[in-house]
Structures are given as C-alpha cells and as structure tokens.
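**Student:** Sequence:
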Amino acid sequence: MTTPETPEVPADFIRDMIVEHNTSGRFGGRVVTRFPPEPNGYLHIGHAKSICLNFGIAADFVGRCHLRFDDTNPEKEEQEYVDSIIDAVRWLGFDWGSHLYYASDYYGRIYDCAIELIKRGKAYVCSLTTEEFKEYRGVPSRPGRESPSRNRPIAESLDLFTRMQAGEFAEGQYVLRAKIDMASPNVHLRDPVIYRIKKESHHRTGTQWRVYPMYDFAHCISDSIEQITHSICTLEFEVHRPLYDWLLEALDLYRPQQIEFARLNLTYTVLSKRKLLELVRDHHVSGWDDPRLPTLAGLRRRGYTPTSIRHFCKRIGVTKFDGYTDVALLEFCVREELNRDAPRVMAVLDPIRLVIENYPEEQQETFEAVNNPENTAQGTHLTPFSKVLYIEREDFQTDPAAKFFRLAPGREVRLRYAYIVKCTGFSRDAATGQITEIRCTYDPATRGGNTPDGRKIKGTIHWVSAAHATPCEVRLYDRLFTHERPEDLPEGVDFKVNLNSAALEIIKAQVEPELVRLEGGARVQFERKGYFYIDPVDSRPGAPVFNRIVTLRDSFGKNL
RNA sequence: UGCCCGAUGGUGUAACGGUAGCACAACAGACUCUGAAUCUGUUUGUCUAGGUUCAAAUCCUAGUCGGGCAACCA
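So for the first sequence, our numbering puts the first residue at 69; every next one is plus one.
Honestly, I wouldn't trust all of these hints.
[To be verified] Computed cross-link-like contacts, BS3-like style, restricted to lysine-lysine with a CA-CA straight-line distance of at most 30 Å:
| id | residue 1 | residue 2 |
| --- | --- | --- |
| 1 | LYS144 | LYS266 |
| 2 | LYS144 | LYS388 |
| 3 | LYS202 | LYS187 |
[What the hints assert, rightly or not] If you anchor each label on the Cβ, the simulated ranges turn out as follows:
| id | residue 1 | residue 2 | range |
| --- | --- | --- | --- |
| 4 | ARG349 | ILE574 | 16 to 24 Å |
| 5 | PRO216 | GLY391 | 42 to 50 Å |
| 6 | THR550 | HIS167 | 23 to 31 Å |
| 7 | ARG621 | THR302 | 29 to 37 Å |
Read the hints as simulated data drawn from the structure, not as lab findings.
Note that CB positions come from ideal geometry on N, CA and C, so glycine has one too.
Just need the whole structure built from these sequences, with the hints factored in.
**Tutor:** Right under this line is the structure:
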C-alpha cells in the first residue's frame, strides 16, 4: 500500500485504514496522530511501540504527531513523570515540534462541553452514592436501572454542576453523567460518569478546578480540539469507542477515528505500570532507571540504543492479536547494531593468572588489535603483553570436556593477537581445590598469533596483561524474571516470586588499558563476552563502570 | 452463562479469493585469530466443523480456545 507522496509506507492494518481514508477523502488527506501518556509513571518499551507507531505514521504520511499529556487525575500525576516522559520520547528520537499539549490545558473547554451536554439534555448530575451507582449500573449480563436523578431538570443539573466546580460539595457527593442507555449491553454506555469532584491539587492547574473530567470525556474532546485524525489506542479501549463516538456526536464536534491495536507483551519481564511501580517503590530495583527494568530510562541506562529499540518496534509489527514477543528479538536488534558499530576490546571478567614460563621476566611488547572487524575504518589500538596475564577462568579445564577447544594441560591455544601458548601445568589451592594459577610456554615463532608452519589452532582466547590491566566494576545484567511469562501464575501467587535474583551480578574485571581511556556513554564489545556500556552515572575518569547490555550469542554453552 | 475483539511454525508477523513467505529462536554444516559476525541448509504452521467457489488462511455459519469490558483510573 502506497500513496504518491509516501512511496514506502510499511503495511499494517492501521496504515491500510489511513490509506483508505486518504482515498475516500474522509479527513481531506490530513494525518494527525498523538501519543497521549498519563504522567503517572515512567515510559517503558511497550510505550515505545505506541510512540513509534504514532510518530512513525505521522512521518510516513507527512502528517504530524502531538505529544499530549492525559493529565485528568491529579491524584496520580506528577511533574516528575511529565519530565521523564518528555525526556524518554526525545531520547527515542522523536520530535513533536510545537505540538506539546496537556489535557489540563483544555479544562475550560471541556467544562464548557459538559455544560453544553447538560443543556442538550444529554447529561445530568447524579446524586447516587458510589455503592448505589454500582448497584444501579447492573452487570454486563444484566441491564442496569435508571438513576432517580436521571430526569432531573436541566436547570437543576446546570446549577448543581456549577456548584460542584464552586466547591460547595464533598468529593463523591455528586457526579455528572452522560444520559445514554442503562440497558446497553456495553456497560460503558450505561450513563457513564464524565465529571467527578476532586479536591486534590493538580500538578499544573493547582486548585483552580474542583471537578475533573473522566478519561472518556476528556480524551475524545482533546482529540477533537487538536483535529486528530487517527486516535490510536490499545485493545482495552475497544469497548470505549462507541462512547467516544457518542460524546462527540452529541456535542456536534469534529470526530477522529479511534483505532485499537494490541499492546506489547515481552517475555521475561513485566510491562504494567502498576507492577513496575511496585518494583521501584519496594526497592526490588534501584529506581526507574534500573538497567534490569524494561523502562526506557532503564534500557537507556543499560546501554540500549534508541535505534535498536526503533528497529525492534518496526519488526514486531502492529496487529490486534494479543501475543507475547520474545525478548530475544530485542536482544537481536541491539546486537545487530552494536556488532556493526562497537569497538572491540579485551576484558577478563573472571580472571585467573596465566604465567608464561619461557617469557623473559622484564620483557614486554605491544600488539595491534583491530577495533572493529566489521568496519576497519575504526582503526586499531595497541595492547600490552607481558609474562603474567589474566585469562578467563572458564577458558581452562583440567579435564577438558568433549569439543572444548580452549586451554587444558598439554594443549595449545591462541592468545588473541599475541602468541600460541601450550599449557604446562597449573596450581591448586590445597584447601579449596580451586585453581590458582595456570602455567604455559609460548612459541616465539607465532608472534602476532600467526602460525608460520601452517598448524591449525582451533581455540583463540582473550587475555590482559596483569601488569597493565585495571580492575573495574562490571555489572552483569540478566533477565529480570526467571519465567518467560512471569505474570502467568496460579490464583493468588505474587508475580515477584519469579524475580530473578541473578539479574544483577557485580564483579571486578581486569580490563586492557585502552578501555580506561573511553568516556562515559561509550559502548564496546568485550571480545567473546558481550556488549557493554560505560555507565554515565557511576563512572569516573579513569575508573569506568561497565553495564552489560547483552551477551554475545554463544553456540558452545552458557558463557558468562 | 451479556457484549466486544482475536486465532497462520516455538515466538512475532506477511499473504486482502489463485505457489503459505519473512524475521527471531532452534538445529546442522561452511568459514573464522571473537565458539561472535558472515554464508548455506533443515525442522515446525493456516484452531475445529460445515458452507459458498473452478479455487478459501482469506468470504459465510456454528463451535472451540484466548483476551477485554461491570474505578467517581487511564
């Protein structure tokens, strides 16, 4: 599906519908979308799907996308959340230009709409208590009953509503309801509440208002005011669409098209604001930007790039099917980018000494390491070598397993960029049985890691020179939950039982000198280990802290 | 048990009445100074039953299964 001015519009059912609208002329060819977060929490990867959809559609169809805060519940909303949301959308790479709006900016006009609705006999002030309200509403399978207030004279409703805003009544004493159909099979049409009294101070309007519009009332009017063409929301609002349409028609207002799509579910994590808030509030994680979290702030702190997240959102598609996306796809997206871009360095995460017996004590030399084999334009760097090195503890086995082609007694292995070495022995701590040191000899003829005699060396391992290495803090992040679908639980079981206690492991690694020179915010590949991000908050000059973004794929076995 | 929505390999998605394709994952092989990357190949799919049609993943009906809806939340 394409339009003349947008030759490469990716197809999904929403874009298809927009193309139809453009063909039929329903919106005169305009395309205006909006991303409407409630500022009551931090944005997560699920919101990224919506952001990419809304801003992506605007870009594809040469329209525009507004950022609008749906701030109609002062009890839950805070400026901190507004700031974090603005920051996150910007970081993701989207620009709303001058189109930053707040539903609270429309309070005056929304209030006027309520007055108008009353005047038209399509809304009334109801004095039922909350309990009575529920009782009168009925249940989905049984019709409700009409409130005694339903036929309150218009003048009286007008008077009451005005006095609700004047602060004359207590919260809960009255509500304003749309007069629709108490027998509707759609419960949302059973005279829904559209305004309630709240004495709470609002983060933007302070105490100016004593009545606040409900979502259904505020949202459609806000969309209408902004001349939105396509009001895209998640599946749970499907049953609200008749109300959305009814309200705007009752007010004779311009009506956008609401379209619902399935929200993102990701394996091994949770994407519910309530659960995320619980993890933060109860200190199961260090904060909203904890790198274990699927929040955009967390992914950012972990080292995920905005482009990888955008690619992910493109790849998952948009449908009405409520499925579960494999987090492996997200991981693939960031690996794909970092494989192309990230410089390679050597760091030993679990160091053990390797002593080269026939290498002169005082000798040292440097080897040239390729920064990025995928992009040789990134050049090379020098890495120092000496008699005592650190290698990865798991790269040595006293009794090598089948198909293990790293170091073992009597075996040869290549030290990346340096020499071929042959293991001559090792020492063990008598008490613990732990290996404390490995010994080997090197073959001077293999300088640079080459084999002039043509001999094949299957294993190549990374290393650092003990005398030149710097110990650095490395934070090994893993999936937050141990279960693919942590929310799939028997009745009454808390989702936190599935929390992965190994989702964060803090270690001291030995890194090559090159690494200490890099600045906070840089992303690198530790050869054979994974991609790491220099934590911009906790790193200090000369003392970087590394966050593991994601491991390298490993077809041998579980690597650290 | 009322209403709304949905169902294509393990996962996500395409095919808009005409050869079921792509990506991730998994597995196998090639290559490799990263057990990475790259390349090649393989396994696995239209929820069920009817109907319409020369032809159905696609249209119709019924069923099954899954999700949503009964905040003065969004």
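**Student:** Tell me the hint numbers this structure goes against, listed in increasing order.
**Tutor:** Failing hint: just 6.
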